[in-house]
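K.L.:
Sequence:
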Amino acid sequence: MTLTRRIRILFFFLLITSTSKGTEHYLFGTDPVNFYRINGFSFLPEGLNLDFLDSLNKVYHDKEKSYSIFKSQKGYMLHVRCTFDLFRLSENGIENLYKFDNRGYNCNTALFERDGRIYSQGGYGFWNYHSDLMVLDEENGSWEFVKTINQPLNFTGRRAILDSGLLVLFGSYKNVRTELNKIENHGWFLDWESKTWNRIKIKIDGADIADFRSADYFGTINLKDYLFFGSEKVNIAERGLYFIDKNSLEISFLQRGNLDFYKSPYIQVIDNTIYFQNLKGVHQTLDISLLQKKADKVGHIEIIKSSGSLFDRFKYPFLVLFALSVFLLIPFLNRKLRKKEPEKESTCEEPGIDVISATIKKLSAISGQTLAIDDLDSILGIQHIPNLDNRRVRRSRMITDINTNYRFSNGKNLINRVKKPDDKRYTYYIIEL
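Take the sequence shown: its position 367, counting from 1, is numbered 367 in the working numbering, and each next residue is one higher.
Keep in mind the hints are simulated off the structure, nothing from the lab. Keep in mind that a hint or two might mislead.
Straight-line alpha carbon distances no greater than 25 Å define the calculated DSS-like cross-link-like pairs of lysine-lysine that follow [what the hints assert, rightly or not]: (1) LYS280 <-> LYS246; (2) LYS195 <-> LYS147; (3) LYS246 <-> LYS297.
Derived CB-CB ranges, DEER-like [to be verified]: (4) LEU48 <-> SER306: 38 to 46 Å; (5) LYS74 <-> ASP287: 40 to 48 Å; (6) GLU24 <-> ASN247: 17 to 25 Å; (7) ASP245 <-> GLN284: 22 to 30 Å; (8) PHE145 <-> SER357: 32 to 40 Å; (9) PHE408 <-> GLU139: 27 to 35 Å; (10) ASN185 <-> ASP260: 26 to 34 Å; (11) VAL146 <-> PHE41: 19 to 27 Å; (12) ASN181 <-> PHE41: 35 to 43 Å; (13) LYS74 <-> GLY257: 24 to 32 Å; (14) GLY75 <-> GLU302: 18 to 26 Å; (15) ASP354 <-> ASP137: 22 to 30 Å; (16) ARG239 <-> ASN181: 43 to 51 Å; (17) PHE100 <-> PHE408: 53 to 61 Å.
Idealized CB from N, CA, C, for every residue including glycine.
Full structure from sequences and hints, please.
P.N.:
Pasting the structure below:
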């Protein structure tokens, strides 16, 4: 692998992470090859375990792997490129918060902390790019998918973590299965509050965005207040540094010939200062905020609010129409409900076991008597049902339930239905214990 290739892997992935508001913005990135080129580790803050980094090289010996360390509210977090592994380094030791063994889906992902939880956004897998948002479930040791609105498919790019959301610059759409391979000249913005993706428009003064997009850019580095990346002299781009202010979204450029920090075996970021090792093995610092003040404004980024769904665009006329329809339907529905009240009253309710038991006691007290239909209905408590068909259905159900319960204990029916011998149209009921 060429040195340039290693540099791109190191910077493009490792330095697109961020921490939550109120926590020191800290990043550190290296890989198994460049790790052994670092000339001493005295520059690292207290709490980072170098023995642990060395042990990772024995586990993740793939040259394509790289390590990204960032600071969260719960301590230092270390993520390994192209895996879901996330190690927490604390006074109590080292723990992998991911308890499963999946990998290969989230290469070049962006990790950040928001409201005390760790999120992973975007990257690529075996076949396609993606812009999925996931959150770490520490209790179960897994990454869970977070649903977003208007999410771009098969897309990833250079990311900047803002207080209001996540900015994805340039990027590409790629899916090997469908032979999709398309360049994005502008990008997308994920609004954190609404979880909605909106398109962005990058405007460069006096330049065509396609020419600006096609320049040869180095890896993106996230600082506390800025996102910056280097460029070679190609097309309209000069050799130097582009800065994006995370608050104003203004783009500025500083022509600079020395970009040696991109060849450092590591990069460390504390707030707006980067720490690196020059080609002579000497550790140096660079205050990016001072460089940005010397830069010239060359453009800005505009967030284009999504027009939303069809319902969002027509929701007010729809709500008025809906309210009018309900107003007109209420009288009609009331009439329908009044007509159906007796039926609901007589057929919907099933007699409970308490009702059946109480009725059996009443009938047992008049054993041997012959009852007319109206007399039986009074004992069953259904004489109030005005609809004769509904009353007949209820009577039949109750007789069946009463006989079933009585037969279980006594081996015979309590209510026996008989016809009048001289007129079969008339039915009587004999109560026999």
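K.L.:
Which of the numbered hints are not met once you compare them with the structure shown?
P.N.:
1, 5, 8, 9, 11, 13, 14, 15 and 16
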